[in-house]
Amino acid sequence: MTTQKQEYKEQVGAIQLTLIPSDKYKSNKIVFKFRAPLTRETSTKRSLIAALIETNTKKYPTQTAFRKELASLYGANFYTSVDKKGNEHIITAVLDMVDGQFVPEGDTLLKQAFELIQEILFNPNAENGSFNETTVAREKENLEQRLESVYDDKIRYANKRLTEIMFADENYKYGAFGVLKDIPTISATDLYEYYQQFLVEDTIDLFICGDVKKEDVLPLVKALPFVDREYRDLDIIPPVHPKKVNTVKETQSINQGKLVLGYRTNILFGEEAYVPLQVANGLLGGFANSKIFINVREKASLAYYANSRIDSFHGFMIISAGIDEKNYDQALAIIKEQVTAMQTGDFTEDELSQTKAMLTNQLLEANDQAQGLIELTYNNTLKKANLDLPNWLKRISEVTKEEVVAAVQSLELDTIYFLSKGAES
Amino acid sequence: MNKQSYDQLKEAVYYEKLENGLQVYVLPKHGFSKTFAIFTTNYGSIDNEFVPLGEDSYTRVPDGIAHFLEHKLFEKEDGDVFFKFGEKGAFTNAFTSFTRTAYLFSSTSNVEENLETLVDFVQEPYFTEETVEKEKGIIGQEIQMYDDDADFRVYFGAIENMYHHHPVKIDIAGTVESIADIDKDLLYLCYNTFYHPSNMVLFIVGNVDPKQAINQVRDNQAKKTFAPAKPVKRHFPEEPKSVAVPKKTLKFPVQIAKNLVAIKEDIGLLRGIDAVKHEMTADIMLELLFGTTSDAYLELYDQGVIDDSFGFDYSLQDSFSFVLIGGDAKDPDLQERKIKETLENALVTGFKEADLELIKRKKMGQFLRSLNSPEFIANQFSQYIFEDASLFDILPAIESVTVADVEAFLKRIYLEDRVTTFQIVPE
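In order, the protein sequence lines correspond to chains H and R. When the letters of the first sequence are read in order and numbered with our numbering, they come out as residues 1 to 425. When the letters of the second sequence are read in order and numbered with our numbering, they come out as residues 1 to 427.
To be clear, the hints were calculated from the coordinates, so they are not data collected in a lab. Do not take every clue at face value.
Every beta carbon over 12 Å from chain R, so not counted as near; a handful from chain H, in silico [claimed, not checked]:
1. GLN6
2. VAL103
3. PHE198
4. LYS214
5. ASP311
6. LYS394
7. ALA406
In silico DSS-like cross-links for lysine-lysine, where the CA-CA straight-line distance does not exceed 30 Å [said to hold, decoys possible]:
8. H:LYS111 / R:LYS10
9. R:LYS3 / H:LYS24
10. R:LYS247 / H:LYS421
11. H:LYS140 / R:LYS330
12. R:LYS251 / H:LYS181
13. H:LYS222 / H:LYS84
14. R:LYS251 / H:LYS160
15. R:LYS134 / H:LYS68
16. R:LYS17 / H:LYS160
17. R:LYS10 / H:LYS24
18. R:LYS360 / H:LYS421
19. H:LYS68 / R:LYS338
20. H:LYS68 / R:LYS277
21. H:LYS249 / R:LYS247
22. H:LYS244 / H:LYS160
23. R:LYS3 / R:LYS247
24. R:LYS17 / H:LYS24
25. H:LYS326 / R:LYS136
26. R:LYS360 / H:LYS68
27. H:LYS421 / R:LYS136
28. H:LYS140 / H:LYS160
29. H:LYS181 / H:LYS249
30. H:LYS421 / R:LYS169
31. R:LYS17 / H:LYS68
32. H:LYS140 / R:LYS169
33. H:LYS299 / R:LYS251
34. R:LYS360 / H:LYS58
35. R:LYS360 / H:LYS59
Note that CB positions come from ideal geometry on N, CA and C, so glycine has one too.
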């Protein structure tokens, strides 16, 4: 019978290691989180670094050689991503590989994986104080293309514009992938220089999830030659209260209008009001039985998608809907009505308990996946919160109607953004 | 109840074909909180011409009706089924593909009740004129959302280029015009024809006891009456082997062009292990030629002809199959030419044993890792059941592919009149 074993945490030199042992998976997941303050200057460089380390290394100087090595480790996958949480920029590097017990000659797979990780992180494709010029040129071009292509996905584009407008006075306006205009100004030497800084300064968390033992893993982690450093606490964001609602309308030749509303909540992960806000969000627009979905889509038949989500590390909520542009006023009015209704307590205990049941389910499901478990653990580490799974579930069950109303009352509408073809004006 | 064990993988699947023809499968996943169940009918967007249950002649129904029906099944006299699942903390959804319609839920508690709700709501249609009309607004917005989606447009454009008449070329959701013709009688007509238990598979994976789950479904079905099972007669228009349009370019409000090369295959009906082996051969060939470990990938990536968005896909269904290769492109024509050159060169040079072995190793590991996902298991397993095959045939199928298989595959599909290109370019 499978059991969830005890998590294990230890500061190993520069690395804060968390081991999440479980024998329900057929793979082992090794996840590094590298964290630094979010600034314009570094975000583009960090996004390029993330791209470079998943492309090649000194020993595997071409993408083909690198990918062949991964393929020979039974189709192991190595990928990086960039992300922001509040004022922090995070590079996530993941090595996902099949557990050795399921394949022939699998005994040394974990050891081989760590050798590869060391090669990736400490032996990049660089010489004479510069990353390989050709690789850098290629990845700069790719990043440009990626940033430009946001324009081609209208839902993402509308979200990006809302973020830029709403956080115009904060570093949060910079995307995790960096700033398009800054790419040409960065050279292969600049990048290598920043890479040295990244290696010694970033705050590092490492998560290993799978059927692994502490005794087997610890020596492998210890062998990684990171220099010691202090574990830097999260930069806390001061509350922001908008003075007036900023409405911005833009046009493009598209069929469906994209309506996005940004509300400040100023409620962050782990705070007392956080779980009530999460319940409020579920009830307002988090699920298919929520207020916005029902009233905008099911009753008024105005949209296919209509939802809300909260940001746990910057304290805001975003409501989005895809609508016909002639229905702008009606859709906006319905959405605002739903928020007001919730602020005045216009919802039933049944709706509340249904939302709690959905949230509970969502959390349990997320934790069936190694990635979900790791993210939850990471969030708790960052915010020094104690919302581990059992505590979180317990807190959800205790949330009262009054707490939900108070959480919705914290919503302050900051920005309304609408993208449409502009035929009606 | 039957059981099939796969000891090497530490997995076992239990199954039973009920009296009314419904196939029920259970794969227990110990240690998981979640149970995922998917109820699939062998009916998709391409099934637009068929003999309705109890009739003798063929009927043509409006495009997009299978998908419309999927939306409408959630609505009942006493409200939306979403609520019923919601009360029990379950997540529910549905999707329609070219060939299947599937309804699903996942939950970490009240699994028995949710399973009952899933089976009952799919088997108890309730359509009224009023709710059918209202749905047209919602689906109209869904169609418009996809109209703005460049990736979706290039995918469908490539399929439209390949087919002269086959309904796979029609958008799964139909058009705003075609769905205007849908009414409740047509929905019942399609429902009664295609939602017979003998045309359906129920797959449950997760934290469940197989015996108990199968007993529950058996009891549930015993309480209901269905017309005697009869195979559905479907009609597809005669489809030429060649592509309909060799190339097409669409101007679109994008920053970066998109290119997709499609190869239309003519293979006919494949079942069981043959179908799985064929599919694995196609996947392995595409990996060998265009995967990240291939020479072509590196060359094209370094030349800036392709980027991370580059990919490929092989689709095999009873009445159609095709290969798609492409991605974002600074110079879409150049990307098209390079893809074709890669295929042509491989026809001459063939494939290397060592490369094949590496790809087989990679695919094996990927398959094993994918078994972490209950959704993957249930979706893929259900799909293979309709092909009289098993998801666990994949590992032996990968093992069995030879260099000769891959070479023969490429020779058979890569013919001049079977290739087409669809591109989206900035306005």
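Original post:
Hint numbers the structure violates, sorted upward?
Top reply: 2, 15, 16, 18, 21, 23, 31, 32, 33
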